[in-house]
Amino acid sequence: GQQVMQIPQYQHVQEGEDFTTYCNSSTTLSNIQWYKQRPGGHPVFLIQLVKSGEVKKQKRLTFQFGEAKKNSSLHITATQTTDVGTYFCAGRGNQGGKLIFGQGTELSVKP
Amino acid sequence: GAVVSQHPSWVICKSGTSVKIECRSLDFQATTMFWYRQFPKQSLMLMATSNEGSKATYEQGVEKDKFLINHASLTLSTLTVTSAHPEDSSFYICSALRGSGTEAFFGQGTRLTVV
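Chains as they are written, first to last, in this note's numbering: chain A, -5 to 105; chain B, 142 to 256.
Pairs of lysine to aspartate or glutamate, DMTMM-like flavour, derived with a Cα cap of 20 Å:
{"hint": "1", "chain 1": "A", "residue 1": "Lys51", "chain 2": "B", "residue 2": "Glu244"}
{"hint": "2", "chain 1": "A", "residue 1": "Lys92", "chain 2": "B", "residue 2": "Glu193"}
{"hint": "3", "chain 1": "B", "residue 1": "Lys182", "chain 2": "A", "residue 2": "Asp77"}
{"hint": "4", "chain 1": "B", "residue 1": "Lys182", "chain 2": "A", "residue 2": "Glu100"}
{"hint": "5", "chain 1": "A", "residue 1": "Lys64", "chain 2": "B", "residue 2": "Glu244"}
{"hint": "6", "chain 1": "A", "residue 1": "Lys92", "chain 2": "B", "residue 2": "Glu200"}
{"hint": "7", "chain 1": "A", "residue 1": "Lys30", "chain 2": "B", "residue 2": "Glu244"}
{"hint": "8", "chain 1": "A", "residue 1": "Lys104", "chain 2": "A", "residue 2": "Asp77"}
Simulated from the structure, these hints should not be mistaken for laboratory data.
Can you build the whole structure from these sequences, using the hints too?
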């Protein structure tokens, strides 16, 4: 079945440093979504990418969808302590329906 | 924005009892809702897809007789954990799709502890 792999599992950075998490799917995706989950909270939708090679920006966050629509990345520039949390990618296969979540990348930011 | 309310937010129950968790879309209709389970420090594991007016579709390895799902209206889906055991203790989260959209709106989650 479809699998979504996400790396790294953990990332510890100094405040002000950049951060990137990568997501790879075993199959071509129709779209990919990114979520942020704060400790003790529930996932919150960040963005959805649909087009091959798509790049979207939200302030310090840059999201990319690969040309083959099998991989994606989230890059945070100049991290802040408010960026702390676990970032999940979630891919939807071409058959539609359910989202398959990656394992998540837990980001900690040292002030 | 779209709001999904999940209740209760936490529950403690005795082994052998059943627990019902509700997931409501407050300001939109959701023909499709999803139920996830999340273990500490782990990702969300899809348990089942709940479609209004029809039987839920369970993922491989999820016991449908143990995790009963009912999606009786366009704004409410329920998950009942029957004959709960300590290994059922987990964080259960629902999400809902608004209309034909693809963005999933999550409930706050329910932390179940079975003692």
